[in-house]
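Sequences are here, hints too, so could you generate the full structure?
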Amino acid sequence: MSIMSYNGGACIAMKGRNCIAIASDLRFGIQGQTVGMDFEKIFPMNDHLYLGLTGLASDILTVSERLEFHIKLYELRENRKISPKTFLSVLSNLLYEKRFGPYFIEPVIAGIDPKTRQPFIASCDLIGCPMEPEDFVVTGTCATQLYGMCEALWKPDMQPDELFECCSQALLNAVDRDAGSGWGAVVHIIEVGKVTTRRLKARMD
Amino acid sequence: MSRRYDSRTTIFSPEGRLYQVEYAMEAIGHAGTCLGILGKDGVVLAAEKRSVHKLLDDVFTSEKIYTLDTNIACSVAGITSDANVLVTDLQRTAQRYKLSYQKNIPVEQLVIHLCDIKQAYTQYGGMRPFGISVLYMGWDEHYGFQLYMSDPSGNYGGWKGTCIGNNSQAAISMLKQEYDEDGTTIADALRLAIKVLSKTLDTNKLTSERVEMATLTREDGKTKITILSDKVVDKLCAEFEEEKAKLEAERKEKEKATPKRK
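Protein sequence lines correspond, in order, to chains Y and S.
Take the position in the first sequence, starting the count at 1, then add 15; the result is the number in my numbering.
Take the position in the second sequence, starting the count at 1, then add 222; the result is the number in my numbering.
Keep in mind that the hints were calculated from the coordinates and are not lab data.
What you are looking at is a predicted structure, and each value in this text was computed from that prediction instead of being measured.
A couple of the hints might just be wrong.
To be verified - DEER-style ranges, computed between Cβ atoms:
no.: 1; chain 1: Y; residue 1: K209; chain 2: S; residue 2: E465; range: 41 to 47 Å
no.: 2; chain 1: Y; residue 1: D172; chain 2: S; residue 2: T425; range: 53 to 59 Å
no.: 3; chain 1: S; residue 1: E441; chain 2: Y; residue 2: K216; range: 32 to 38 Å
Unchecked claim - Calculated lysine to any residue pairs in the SDA-like style (CA-CA distance at most 20 Å, straight line):
no.: 4; chain 1: S; residue 1: K271; chain 2: S; residue 2: T302
no.: 5; chain 1: S; residue 1: K466; chain 2: S; residue 2: L423
no.: 6; chain 1: S; residue 1: K262; chain 2: S; residue 2: F367
no.: 7; chain 1: S; residue 1: K320; chain 2: Y; residue 2: L91
no.: 8; chain 1: Y; residue 1: K130; chain 2: Y; residue 2: E147
no.: 9; chain 1: S; residue 1: K325; chain 2: Y; residue 2: R81
no.: 10; chain 1: S; residue 1: K325; chain 2: Y; residue 2: L88
no.: 11; chain 1: S; residue 1: K325; chain 2: Y; residue 2: L76
no.: 12; chain 1: S; residue 1: K325; chain 2: Y; residue 2: S79
no.: 13; chain 1: Y; residue 1: K100; chain 2: Y; residue 2: I57
no.: 14; chain 1: S; residue 1: K325; chain 2: Y; residue 2: L82
no.: 15; chain 1: Y; residue 1: K209; chain 2: Y; residue 2: D172
no.: 16; chain 1: S; residue 1: K446; chain 2: Y; residue 2: L88
no.: 17; chain 1: Y; residue 1: K209; chain 2: S; residue 2: K444
no.: 18; chain 1: S; residue 1: K320; chain 2: Y; residue 2: H85
no.: 19; chain 1: S; residue 1: K271; chain 2: S; residue 2: S420
no.: 20; chain 1: S; residue 1: K320; chain 2: Y; residue 2: N61
no.: 21; chain 1: S; residue 1: K446; chain 2: Y; residue 2: E90
no.: 22; chain 1: S; residue 1: K320; chain 2: Y; residue 2: F58
no.: 23; chain 1: S; residue 1: K320; chain 2: Y; residue 2: P59
no.: 24; chain 1: S; residue 1: K457; chain 2: S; residue 2: L423
no.: 25; chain 1: S; residue 1: K421; chain 2: S; residue 2: R473
no.: 26; chain 1: S; residue 1: K320; chain 2: Y; residue 2: L76
no.: 27; chain 1: S; residue 1: K271; chain 2: S; residue 2: K427
no.: 28; chain 1: S; residue 1: K320; chain 2: Y; residue 2: Y89
Idealized CB from N, CA, C, for every residue including glycine.
Laid out in structure tokens, this is it:
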């Protein structure tokens with residue numbers, strides 16, 4: 016039994032044309048038993064910055080709360096919103112501090128830079144190694160399946176509606192091939208000045 | 223005379239006074255005025271901007287009013303560097319509470335935390351007290367809208383209307399007369415603040431160059447802290463000037479109407 020698959024879960028973020036999508040499943044399980052169907056794994060850090068986390072549920076909550084602490088103080092001190100790239104550094108640093116007793120999570124960041132208005136996605140491993148690809152990031156117990164779906168469906172410069180379809184289909188079909196994820200899904204589409212949240216009708220098994 | 227008991231904060235004078243604490247309050251009496259007014263639907267803080275030097279680079283959005291958390295803001299009078307240190311501490315304390323309890327810190331608890339720190343500097347350590355008084359405005363689910371004032375001794379109180387800094391006594395007596403216990407709304411509070419400030423500040427005309435204001439209200443179940451823009455402040459000042467001129471004109475009319483006695 017791996018600690019990373021104890022609770023199950025999946026998270027995905029995709030880049031579009033001046034927009035980003037971030038989505039997760041809603042399952043909260045304890046090994047085989049599904050205990051909750053409303054455990055969202057995506058946390059808004061501010062209006063234009065969203066953090067998704069998969070892995071051990073307890074660490075998901077702890078890390079998101081600690082990051083919110085940092086970000087709030089940052090915004091009060093510097094009197095401006097944090098940029099996604101800087102947030103990635105904060106996250107990476109926070110995780111590496113626990114290099115020899117890590118948080119069992121795999122985070123995904125999706126945000127729009129407050130100055131340049133460019134979309135930004137990134138992910139890390141559990142000790143904070145950052146990755147900033149141009150297309151999509153996936154984490155969770157069905158990461159392999161998600162990679163497959165994304166490679167097949169993603170194309171550059173999608174508009175928000177098309178991006179929503181792409182992201183939803185990739186997530187839904189990947190979690191259907193994984194026992195540890197599923198039981199509903201939520202998708203956030205983030206554009207400049209607007210965030211649309213939708214819950215997906217998924218297989219509840 | 224009692225100068226021999228001045229130099230240490232941590233000893234009483236024969237008359238039972240803590241001179242350093244009192245001297246700290248003296249220092250605040252020379253600083254820019256801040257006043258706070260509690261309304262039914264929100265709280266207002268208004269502060270006098272002291273550093274109107276031409277060469278000063280106006281980078282900061284607010285000189286005397288600071289946001290401490292999403293539900294609390296404060297205004298400071300006294301030694302600015304002391305204020306910076308304590309405001310940073312207040313911000314960190316509020317976030318640490320949020321991290322532990324996943325709730326916004328209740329206003330009074332934040333005030334108490336800072337007052338305990340201030341009190342420590344009057345009792346042990348041998349360091350001088352912080353030379354600042356703070357006005358806090360906030361909202362929490364336990365007591366709604368609140369206004370607090372703390373001073374260098376570490377004492378604090380909840381107020382409906384109060385003032386710190388230069389000419390604060392005059393402002394407080396004016397507030398005592400003019401404050402309406404039952405029906406002060408935010409709009410009333412803003413007008414009253416301008417009225418009081420124009421008396422206590424030594425200028426003829428009040429503009430956004432000399433005064434900055436902030437309000438704390440609730441909208442859609444969320445607390446909203448707004449630092450009023452220069453335009454809005456100027457508008458309020460202009461409205462006050464109009465009112466004043468109107469009252470002056472009415473008074474002159476009355477004087478003309480009543481015949482002068484020989």
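Hints versus structure:
1. K209/Y <-> E465/S: 41 to 47 Å: With Cβ atoms ~42 Å apart, the hint holds.
2. D172/Y <-> T425/S: 53 to 59 Å: holds, 57 Å
3. E441/S <-> K216/Y: 32 to 38 Å: holds, 33 Å
4. K271/S <-> T302/S: With a Cα-Cα distance of about 12 Å, the restraint between K271/S and T302/S holds, given a limit of 20 Å.
5. K466/S <-> L423/S: Cα-Cα ~16 Å, so holds.
6. K262/S <-> F367/S: holds, 8 Å
7. K320/S <-> L91/Y: holds, 15 Å
8. K130/Y <-> E147/Y: Satisfied, since the Cα-Cα distance of roughly 18 Å is no more than 20 Å.
9. K325/S <-> R81/Y: Judged against 20 Å, a Cα distance of about 14 Å means the pair holds.
10. K325/S <-> L88/Y: holds, 15 Å
11. K325/S <-> L76/Y: Given that 20 Å is the threshold and the Cα spacing comes to 14 Å, the pair holds.
12. K325/S <-> S79/Y: holds, 15 Å
13. K100/Y <-> I57/Y: holds, 18 Å
14. K325/S <-> L82/Y: The given pair, whose Cα atoms are some 15 Å apart, holds under the 20 Å limit.
15. K209/Y <-> D172/Y: Judged against 20 Å, a Cα distance of about 18 Å means the pair holds.
16. K446/S <-> L88/Y: Answer holds: K446/S to L88/Y is near 18 Å, not above 20 Å.
17. K209/Y <-> K444/S: Holds - the C-alpha atoms of K444/S and K209/Y are around 19 Å apart, at most 20 Å.
18. K320/S <-> H85/Y: holds, 11 Å
19. K271/S <-> S420/S: holds, 13 Å
20. K320/S <-> N61/Y: Holds, because 16 Å separates the two Cα atoms, which is no more than 20 Å.
21. K446/S <-> E90/Y: Roughly 16 Å between the alpha carbons, so the hint for K446/S and E90/Y holds.
22. K320/S <-> F58/Y: holds, 16 Å
23. K320/S <-> P59/Y: The hint holds at about 16 Å.
24. K457/S <-> L423/S: The hint holds at about 18 Å.
25. K421/S <-> R473/S: Holds, at roughly 19 Å.
26. K320/S <-> L76/Y: Distance ~13 Å between K320/S and L76/Y Cα, so the pair holds.
27. K271/S <-> K427/S: It holds: about 14 Å lies between the C-alpha atoms, which stays within 20 Å.
28. K320/S <-> Y89/Y: Given that 20 Å is the threshold and the Cα spacing comes to 15 Å, the pair holds.
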